[in-house]
Amino acid sequence: MAVNEEILINVAPMETRVALVENGVLQEVYLERTQRRGIVGNIFKGKVVRVLPGMQAAFVDIGLEKAGFIHASDIAPLDDSGMEDRNGEVADIRELVREGQSLVVQVVKDPIGTKGARLTTHLSVSARYLVYMPYTRHIGVSNRIEEEVERERLKQLVEESSAKLAESGQTGSGGFILRTVAEGVSEDELLLDIPFLYRLWNEMEERIKSRPVPSVIYEDLPLFMRTMRDLARPHTEKVRIDSREAYARVAKFANKFAPEIANRIEHYPGERPLFDLYSVEDEIEKALDNKVTLKSGGYLIVEQTEAMSTIDVNTGAFVGHRNLEETIFKTNLEAATTIARQLRLRNLGGIIIIDFIDMQDEEHQRQVLRTLEKAMERDNAKTCITGVSELGLVEMTRKRTRESLGQLMCEPCSVCHGRGTLKSAETVCYEIFREIIREARAYDSEKFMVLASQMVIERLLDEESANVADLEEFVGRPIQFQVEPIYTQEQYDIILV
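Start counting the sequence shown at 116; every next residue gets the next number (this note's numbering).
Here are the computed lysine-lysine pairs in the DSS-like style, where the Cα-Cα straight-line distance is at most 27 Å:
1. Lys-371 to Lys-270
2. Lys-353 to Lys-401
3. Lys-538 to Lys-406
4. Lys-410 to Lys-445
5. Lys-230 to Lys-514
6. Lys-445 to Lys-406
7. Lys-181 to Lys-230
8. Lys-230 to Lys-162
9. Lys-353 to Lys-497
Using C-beta positions, here's what the derived DEER-type ranges look like:
10. Ile-323 to Arg-252: 16 to 26 Å
11. Asn-258 to Glu-352: 24 to 34 Å
12. Lys-371 to Gln-475: 55 to 65 Å
13. Met-170 to Lys-270: 35 to 45 Å
14. Ser-257 to Glu-352: 19 to 29 Å
15. Glu-492 to Lys-353: 18 to 28 Å
16. Lys-270 to Glu-381: 27 to 37 Å
17. Glu-180 to Leu-439: 50 to 60 Å
In short, the hints are calculated from the structure, not lab data.
Using N, Cα and C, we set each Cβ at its ideal position, and we do this for glycine too.
Whenever a hint applies, use it, and build me the whole structure from the sequences.
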């Protein structure tokens, strides 16, 4: 089935949001806030502040709140000609860097939670069709371009274009990777990218020499411009932008670097917000919930933790028409396509465990797995899916380069501190009883005053009133209660009066 792909760009002074819509259904959301821009792709001149031989890694101060982390495998020593010497072996971290040394690094993963940014010295800068790697002579092609004839054509075009530019005095010593959008492009289009990348790198080399440590050497484009470079493809039907200023910048960029989609870019001037028009706001709201309903009546429970994300599939209200096995199979098939969309929409990364409903038929298992793999093919993030385990679980990984939608838009609950549950009012009442007994044995007082939340006090005076009377008799002192409106359900104080 042909995919009708649209890109919606909502620009405001405080944040920019991008929605990728396929066949009228939201698939991906990108968010960039003015005060907290992502730094993946940015290049820094930093200083090594700590070397960890046991972990084969080092921490590098790049001027952020947390030091960045770099592994020995992400540091390639340079040979006499200034090119990366990749011999396949990872050298001892102590041979590669030392504390106090300045190091030019690029961010490959944003800081997430308590972790600092993940860094590499394998530097690269991107244009529309090409990624330039200044420290390697390798020419590679995106794995998503599968046709061997096209791969060879593109590699040959880059080699010939580089040679032509060298003859005219425009040269660079690095290599290139051809991006997915380069499929089918002409030599003239590639010739636009190569000199641009050479000039960009020459400017950066000057900054590396002159800038102090730590400092920013290169910042990637703002989100709405990166969208045109990374997301807009020749088959993109429409790009709609609700900011006149951003539209002008994007249109200028497209005319120069992506003329094939320049006429599909539109400014949206309507009074109704662009994201409301496509129901994107509603879909984002749903993506922050852990429950996802399926059309059949089944549902998914999606839980994201520090270690991994888990997805549980349930039949719910779906009872089917034939038998239980058929009901389970249909629910799992629908769940597989929905899971692929939810992973993209929520931007879940790392280890993902999917608990499909147990299927006895091995052919059913294979079909569900194939459906999941096919649905994941449109995902730009690198994924790896295993077969169904003995426990009926599907294990997979999805490359994580930035925070998930939930991490970007939410924070841990100030009441439960991210646990997701609170102690019941009954549990808190019994904690109060135990504390009163401890206080009665340790201190003399005329009476006790209990300060707690409305819910807890109501329970103490109602369901637990008989227990309170028994406790007063046991400790030999009266107990009074007072509601504290600002207390959470788990908070209480016992005052000796």
